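A.B. asks: Line by line, the protein sequences are chains A and B.
Residue 195 in the working numbering sits at position 195 of the first sequence; the count goes up by one each step and never skips.
Residue 182 in the working numbering sits at position 182 of the second sequence; the count goes up by one each step and never skips.
No wet-lab data here; the hints were simulated from the structure.
Worth double-checking, as some hints may not be accurate.
No distinction is drawn between identical chains; accordingly, a pair holds when it is met within one copy or between any pair of copies.
Cut-off 16 Å, straight-line C-alpha distance, at most; resulting in silico cross-link-like pairs (EDC-like, lysine to aspartate or glutamate) [claimed, not checked]:
| no. | residue 1 | residue 2 |
| --- | --- | --- |
| 1 | Lys114 | Asp284 |
| 2 | Lys185 | Glu279 |
| 3 | Lys61 | Glu271 |
| 4 | Lys298 | Asp159 |
| 5 | Lys76 | Asp288 |
| 6 | Lys294 | Glu271 |
| 7 | Lys294 | Asp214 |
| 8 | Lys185 | Glu224 |
| 9 | Lys15 | Glu271 |
| 10 | Lys15 | Glu151 |
| 11 | Lys298 | Asp214 |
| 12 | Lys185 | Glu92 |
| 13 | Lys114 | Asp66 |
| 14 | Lys76 | Glu136 |
| 15 | Lys298 | Asp213 |
| 16 | Lys114 | Glu136 |
| 17 | Lys185 | Asp225 |
| 18 | Lys61 | Asp288 |
| 19 | Lys15 | Glu83 |
| 20 | Lys298 | Asp116 |
| 21 | Lys61 | Asp225 |
Quick caveat, the model's predicted, so the values are computed rather than measured.
There are 2 protein chains.
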Amino acid sequence: MSILAVGSVAFDTIKTPFDAVTDVVGGSLTHFSLAASFFTDVNLVAVVGQDFGEAQLALFKDRRIDLQGLERANGKTFRWGAEYSHNLNSRETLFTELNVFEGFRPELPPAYRKADIVFLGNMHPLLQQSVLEQVESRRLVGMDSMNLWIETTPSELRDVLGRVDIVKIDDSEARDLAGVFNLRKAATAIRGLGPHTLIATRGSHGAMLFSNDDIFSAPAYPLEDERDPTGAGDSFAGGFFGYLAQSQTIDESVLRRAMIFGSVMGSFCVEDIGTRRMERLTMDEIHDRYRALKRLTKFDDL
Amino acid sequence: MSILAVGSVAFDTIKTPFDAVTDVVGGSLTHFSLAASFFTDVNLVAVVGQDFGEAQLALFKDRRIDLQGLERANGKTFRWGAEYSHNLNSRETLFTELNVFEGFRPELPPAYRKADIVFLGNMHPLLQQSVLEQVESRRLVGMDSMNLWIETTPSELRDVLGRVDIVKIDDSEARDLAGVFNLRKAATAIRGLGPHTLIATRGSHGAMLFSNDDIFSAPAYPLEDERDPTGAGDSFAGGFFGYLAQSQTIDESVLRRAMIFGSVMGSFCVEDIGTRRMERLTMDEIHDRYRALKRLTKFDDL
């Protein structure tokens, strides 16, 4: 069981009230893949520039991440910079330099075309479509998106939505996408466009899963020390889809457990700047936090 | 087992995108008492004016609410008016006329002085103190407060905090009170001032309970139709303390169940304007929603 994951790998420059890093490996697919690789094999498809060398590749080494699909193009790697407010609850984007990502045309290595789970990272809906067209068989397709595509390419986004099984987006993006403020109504509207399941992440308030007549509310782990929220939603997705990929069957109780693993991975991501926490994370810690979320939400039947 | 509850009874004027009411019975103690009365006897202490007649008293009749402590003073009843934005997520206070509430000096009828649970509603900390001084014996004291008192009477508020067991406030108020943004750290700081337990309500994101080394995260019921959030936090408190009052012992699992009943009562409150939903609510519906919150949060052990 494996995941084919397509999206952006970038150099991130991040300033928080506690720390600052320059040109560290980031991008949504990086966070997704690191998290997912704790659970399953990840076939990564992305583009980087000539400035992306062995030092950067080291982050993915000795993990269950295959880099056959990592294209090295002429030019510079996608760069993104942001600065967080003193409470970490707002951030200002300092710069976005697409560089080689601007010309990204994902091409799947032949070995990737029979996929188990396909994850379409946050990128132009036409790129997401082109990935799906290259996939010959798959068990399940998940996707992410963002306000930019909801606003600028709504019809292309709808086409992709019609072809996927599970969408993971922010609760505010779910509201924007559906044009309805009530989250439950927004979920019904989005599920009406194709996906049988919607996951709405809510930052430090946890995440909700809407599928068929079922709703599941996953808690967020109450961190005592939040350092950098960058990539938390991507880590959530990595934990969620990674857990699904290693499951023989996908039913309601597996989806719920996957939500908890998503919440676990998102919470770890926030504990240090960039990918640092993920780099030193262990499976034991992941299981401990799963159990902590169980204790956090346990209450007796009536 | 009963609750002695002291706070404000008012005439509310509320405008929402869906509905509007003028001079209906409201105030935090009204919402608290209606919710609590589903679980226990409530001894209500508040003040109203000469304009508060039989029509208004009818709301409390045939419920487990004793009105011996409802003083009728010369003058007009406390009046409050507010208008909600189209998504109900912000509100503008249109007017606050304290009227007889300005001169409120709570006086406990002799029968109320041996109390089981004392609930100090949101009011000036000196009034909360004066209530405590009149109580001869009690099992537990709970309190509410708000930003106004955190900002204008911080030292009086600290004195009250030193004498109570459980504080229930908004998460944003908990942050302001502690002067720390991180909710877990804020809870530790507030518990350091006296109360062994802090409940931080988070609107449609649920509520958190912090006590000793224990943290519990209660979900909010995902409503498909939100009509009026006025009094939701008070209804939460009524459900929470009402359930505690009817419990023989108060331990961790009882506190957690009480949180769920709090969330249940808060969710019903929002389903209609003013107290309307509470007026037609049944115990069967309360139990059904408790079970729905159980389903909403259930996931397997590792």
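A.B. asks: Give a verdict on every hint.
C.D. replies: Results for each hint:
no. : hint              : verdict
1   : Lys114 <-> Asp284 : neither (32 Å within a copy, 52 Å between copies)
2   : Lys185 <-> Glu279 : neither (39 Å within a copy, 26 Å between copies)
3   : Lys61 <-> Glu271  : neither (22 Å within a copy, 53 Å between copies)
4   : Lys298 <-> Asp159 : neither (40 Å within a copy, 34 Å between copies)
5   : Lys76 <-> Asp288  : neither (40 Å within a copy, 58 Å between copies)
6   : Lys294 <-> Glu271 : neither (20 Å within a copy, 30 Å between copies)
7   : Lys294 <-> Asp214 : between (19 Å within a copy, 12 Å between copies)
8   : Lys185 <-> Glu224 : between (33 Å within a copy, 6 Å between copies)
9   : Lys15 <-> Glu271  : within (15 Å within a copy, 43 Å between copies)
10  : Lys15 <-> Glu151  : neither (28 Å within a copy, 32 Å between copies)
11  : Lys298 <-> Asp214 : between (19 Å within a copy, 11 Å between copies)
12  : Lys185 <-> Glu92  : neither (30 Å within a copy, 26 Å between copies)
13  : Lys114 <-> Asp66  : within (15 Å within a copy, 71 Å between copies)
14  : Lys76 <-> Glu136  : neither (32 Å within a copy, 75 Å between copies)
15  : Lys298 <-> Asp213 : between (23 Å within a copy, 15 Å between copies)
16  : Lys114 <-> Glu136 : within (5 Å within a copy, 75 Å between copies)
17  : Lys185 <-> Asp225 : between (34 Å within a copy, 9 Å between copies)
18  : Lys61 <-> Asp288  : neither (25 Å within a copy, 51 Å between copies)
19  : Lys15 <-> Glu83   : within (5 Å within a copy, 39 Å between copies)
20  : Lys298 <-> Asp116 : neither (33 Å within a copy, 27 Å between copies)
21  : Lys61 <-> Asp225  : neither (28 Å within a copy, 50 Å between copies)
Hints 1, 2, 3, 4, 5, 6, 10, 12, 14, 18, 20 and 21, counting from the list given before, are not met by this structure.
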